[in-house]
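Given the coordinates of chain A, assemble chain B onto it according to the supplied hints.
Number of protein chains: 2
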Amino acid sequence: MDFSHYWAARQKKVDAALNRYLPPATTKPKTIHKAMRYSIFAGGKRLRPVICLATAEVLRGPVDEALPLACAVECIHTYSLIHDDLPCMDNDDFRRGKPTSHKVFGEGMAVLAGDALLTIAFEMAASCKSWPRYSHADIIREIAVAAGSQALIAGQVADAEGEGKKISPAELRYIHLNKTAALITTSIRLGAMSANATPAQMKNLTEFGQSLGLAFQVIDDILDVTQTTEKLGKSAGKDLKAQKATYPALLGLEKAKKEADKLTARALAALKPFGKNAEPLKAIADYLLSREN
Amino acid sequence: MDFSHYWAARQKKVDAALNRYLPPATTKPKTIHKAMRYSIFAGGKRLRPVICLATAEVLRGPVDEALPLACAVECIHTYSLIHDDLPCMDNDDFRRGKPTSHKVFGEGMAVLAGDALLTIAFEMAASCKSWPRYSHADIIREIAVAAGSQALIAGQVADAEGEGKKISPAELRYIHLNKTAALITTSIRLGAMSANATPAQMKNLTEFGQSLGLAFQVIDDILDVTQTTEKLGKSAGKDLKAQKATYPALLGLEKAKKEADKLTARALAALKPFGKNAEPLKAIADYLLSREN
Chain A
7 MDFSHYWAAR QKKVDAALNR YLPPATTKPK TIHKAMRYSI FAGGKRLRPV ICLATAEVLR
67 GPVDEALPLA CAVECIHTYS LIHDDLPCMD NDDFRRGKPT SHKVFGEGMA VLAGDALLTI
127 AFEMAASCKS WPRYSHADII REIAVAAGSQ ALIAGQVADA EGEGKKISPA ELRYIHLNKT
187 AALITTSIRL GAMSANATPA QMKNLTEFGQ SLGLAFQVID DILDVTQTTE KLGKSAGKDL
247 KAQKATYPAL LGLEKAKKEA DKLTARALAA LKPFGKNAEP LKAIADYLLS REN
Chain B
7 MDFSHYWAAR QKKVDAALNR YLPPATTKPK TIHKAMRYSI FAGGKRLRPV ICLATAEVLR
67 GPVDEALPLA CAVECIHTYS LIHDDLPCMD NDDFRRGKPT SHKVFGEGMA VLAGDALLTI
127 AFEMAASCKS WPRYSHADII REIAVAAGSQ ALIAGQVADA EGEGKKISPA ELRYIHLNKT
187 AALITTSIRL GAMSANATPA QMKNLTEFGQ SLGLAFQVID DILDVTQTTE KLGKSAGKDL
247 KAQKATYPAL LGLEKAKKEA DKLTARALAA LKPFGKNAEP LKAIADYLLS REN
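Chains as they are written, first to last, in the working numbering: chain A, 7 to 299; chain B, 7 to 299.
Just so you know, the hints here were simulated from the structure itself, not pulled from any lab data. Treat the hints with caution; some may be incorrect.
Because identical chains share one entry, a pair is satisfied inside a single copy or across any pair of copies.
Unchecked claim - Listed next, the in silico DSS-like pairs over lysine-lysine satisfying Cα-Cα at most 25 Å (straight line):
{"hint": "1", "residue 1": "51", "residue 2": "34"}
{"hint": "2", "residue 1": "171", "residue 2": "40"}
{"hint": "3", "residue 1": "104", "residue 2": "171"}
{"hint": "4", "residue 1": "261", "residue 2": "172"}
{"hint": "5", "residue 1": "171", "residue 2": "278"}
{"hint": "6", "residue 1": "171", "residue 2": "109"}
{"hint": "7", "residue 1": "34", "residue 2": "171"}
{"hint": "8", "residue 1": "40", "residue 2": "172"}
For reference, chain A alone in the conformation it holds in the complex (with noise of 0.2 Å):
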């Protein structure tokens, strides 16, 4: 499997995707749409819907079914950003190598694209197609579960006011567990439902979503201690300075590498009874592991 040619082939699909399910820039207001599309195509690794697309197919499900989905999980994932980035938040000037929303287009209107992604979400899920085992209702309660204030917003919430405090290690993997882990465990189910999996089959891949997940915050922390602000593409070392909890600053960085290893590996055994067919996720966690921003 070359890896970097199929991650390159969904990025582009997914790309496509959005760039259709997405209003025109010239759509009046042309502000707030330009100020998504901005954020949408900042340059952003598309890790979770490639990961729902890839879901879908371990499962032999038809992957452009899964298509909406991934890019709701996509819009989300942007959207969670933007306000992440705002002044009154984490006050971040650069993501991905580019001006935050809010340099480029203002407080107020950084916090609208923020919203109008959030909304066109639920939008793009709700045209996809239902299927046996789960219903449009199943599908948005997915979403809106973990997009909401006990999953990625109660991470939001925990990082944001654990800032300067001595946290216990448990307390970490709440924040991570709910700000990274809870959406990338609900790209891979939503794959899963695209693919009308079984309750069994939806078991493992939620094990796997929650090991892979911790493992991605897990190597986030990492870099941000290890790598330059060049290669991250946004300010390195920004969690030490705001006096954030993170793996290696609780653990040591050698530790926080072991428990990297140890969650992917964890991961990967979830995988095992779909055999051959797990090649692709088996290549993203791989890839996830060794990434170097």
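Here is chain B on its own, set in the frame of chain A:
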């Protein structure tokens, strides 16, 4: 029909449902759930949910089945107020006579509380049943479009961009149609969906909603000029101070009042086909025209 008793009973029903649907304030992380509840239970009139239930009633639908939709719309309305009041938007310190969310919880938490209410609205909507003529996908799409970048958010963008500029009556109508009338119309359409409305009924009720929504906003503009801050529960005269275009500013107070009367008459005309059954919606329209805050 004893209107104040009718309204109070529906308000109570909506409040009880919102209390059931929102996570308790003790749910982790507590701050976000406190902030969500603070704004939801800040003494709003519940116009949108009450009008949603009233529409279901007019069509002889089972009112309780419209409740998740009524509450979803109220959550979206409340989120838009929280974000609208932020310092980077309208910068308002008071709303419904109480300090705004960011004055109590800080700006970051107010952004997240708005996000969380927008998100949970879709979870609530997904918890309704579906009807022969209207699927969950139809309902989610209805809400997402009304709250999206070409309706509610478009109105906020145009409103913000129009500040301090001379705008035409057509542009003002665009702002009001999107910022206010769209969500009011959707409240009515959702009530109609929950009663499995025929296409002809839906058309008439949509016309009613658009005219009523515009009338409501024209009256809001008028009250901003003619009432005190105390009576309004929010800062009076703020449109004028922010150099926002309003109907009284563009047309003069008398003509603005006539416009409100004209729109209300148009709204009432759209109710004709429903005969005596339309009583609750008629009473709501009359109340909105004569209100003082």
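Hint check against the structure, violated hint numbers in rising order: 1, 3 and 5
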